[in-house]
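**Student:** Going by my numbering, the sequence shown opens with residue 112, and the numbers climb by one from there.
One thing to keep in mind: the hints can contain errors.
For each label pair, taking beta carbons as the anchor points, the in silico distance ranges come out as [stated by the list, open to error]:
| hint | residue 1 | residue 2 | range |
| --- | --- | --- | --- |
| 1 | ARG117 | ASN223 | 24 to 30 Å |
| 2 | ALA138 | GLU212 | 47 to 53 Å |
| 3 | LEU180 | PRO159 | 20 to 26 Å |
| 4 | ARG232 | ALA115 | 24 to 30 Å |
| 5 | PHE224 | ARG189 | 18 to 24 Å |
| 6 | GLY142 | ALA213 | 27 to 33 Å |
| 7 | ALA161 | LEU204 | 21 to 27 Å |
| 8 | GLY201 | ARG232 | 33 to 39 Å |
| 9 | LEU216 | GLU182 | 19 to 25 Å |
| 10 | GLY141 | GLN121 | 39 to 45 Å |
| 11 | ASP170 | GLY140 | 14 to 20 Å |
| 12 | ALA161 | ILE203 | 38 to 44 Å |
| 13 | ILE203 | SER164 | 24 to 30 Å |
Treat the hints as calculated values from the structure; they're not laboratory data.
Even glycine gets a Cβ: it sits at the ideal position worked out from N, Cα and C.
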Amino acid sequence: MSPAARIARQRASTRRRITVAARVSLATGGGANERLVSDVCEQIGLHPHAFRSLFPTDDVLLDAVNDLLVEECAQRLRGGVSAFTPKGDGVILDAWEQSFEAWLLDGYTESNFSESPYIARTLPALH
């Protein structure tokens with residue numbers, strides 16, 4: 112493996128560790144802030160400057176956490192689809208309904224639901 116490939120692999124691994132740790136911390140409702148950065152860095156043994164080289168802004172971190180959640184959701188849906196029973200179909204329909212309701216409750220409209228993360232990312236990931 113080339114040095115560049117090894118570095119890219121290490122960066123991807125560190126990004127994944129940060130994202131998982133941030134996902135857990137964000138679940139407590141504290142939001143993305145410098146305290147979160149400090150806590151995550153302490154948990155995984157990383158300097159805050161290294162953290163910010165991988166996630167320059169809180170939005171970049173939140174996008175990575177969202178992508179992780181979409182990935183996890185798609186995996187669960189694939190598990191339901193792989194059985195391809197009425198129950199599996201129900202899993203997809205339930206997820207669609209819950210996503211649609213959350214979309215509306217967040218203030219979006221039915222007309223732009225096709226832009227939602229569920230439609231744009233999760234459903235395509237099932238293929």
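**Student:** Would you mind marking each hint as holding or not holding in the structure?
**Tutor:** Going down the list of hints, with the structure as the test:
{"no.": "1", "hint": "ARG117 <-> ASN223: 24 to 30 Å", "in the structure": "43 Å, violated"}
{"no.": "2", "hint": "ALA138 <-> GLU212: 47 to 53 Å", "in the structure": "20 Å, violated"}
{"no.": "3", "hint": "LEU180 <-> PRO159: 20 to 26 Å", "in the structure": "24 Å, holds"}
{"no.": "4", "hint": "ARG232 <-> ALA115: 24 to 30 Å", "in the structure": "29 Å, holds"}
{"no.": "5", "hint": "PHE224 <-> ARG189: 18 to 24 Å", "in the structure": "22 Å, holds"}
{"no.": "6", "hint": "GLY142 <-> ALA213: 27 to 33 Å", "in the structure": "18 Å, violated"}
{"no.": "7", "hint": "ALA161 <-> LEU204: 21 to 27 Å", "in the structure": "43 Å, violated"}
{"no.": "8", "hint": "GLY201 <-> ARG232: 33 to 39 Å", "in the structure": "21 Å, violated"}
{"no.": "9", "hint": "LEU216 <-> GLU182: 19 to 25 Å", "in the structure": "23 Å, holds"}
{"no.": "10", "hint": "GLY141 <-> GLN121: 39 to 45 Å", "in the structure": "28 Å, violated"}
{"no.": "11", "hint": "ASP170 <-> GLY140: 14 to 20 Å", "in the structure": "18 Å, holds"}
{"no.": "12", "hint": "ALA161 <-> ILE203: 38 to 44 Å", "in the structure": "39 Å, holds"}
{"no.": "13", "hint": "ILE203 <-> SER164: 24 to 30 Å", "in the structure": "39 Å, violated"}
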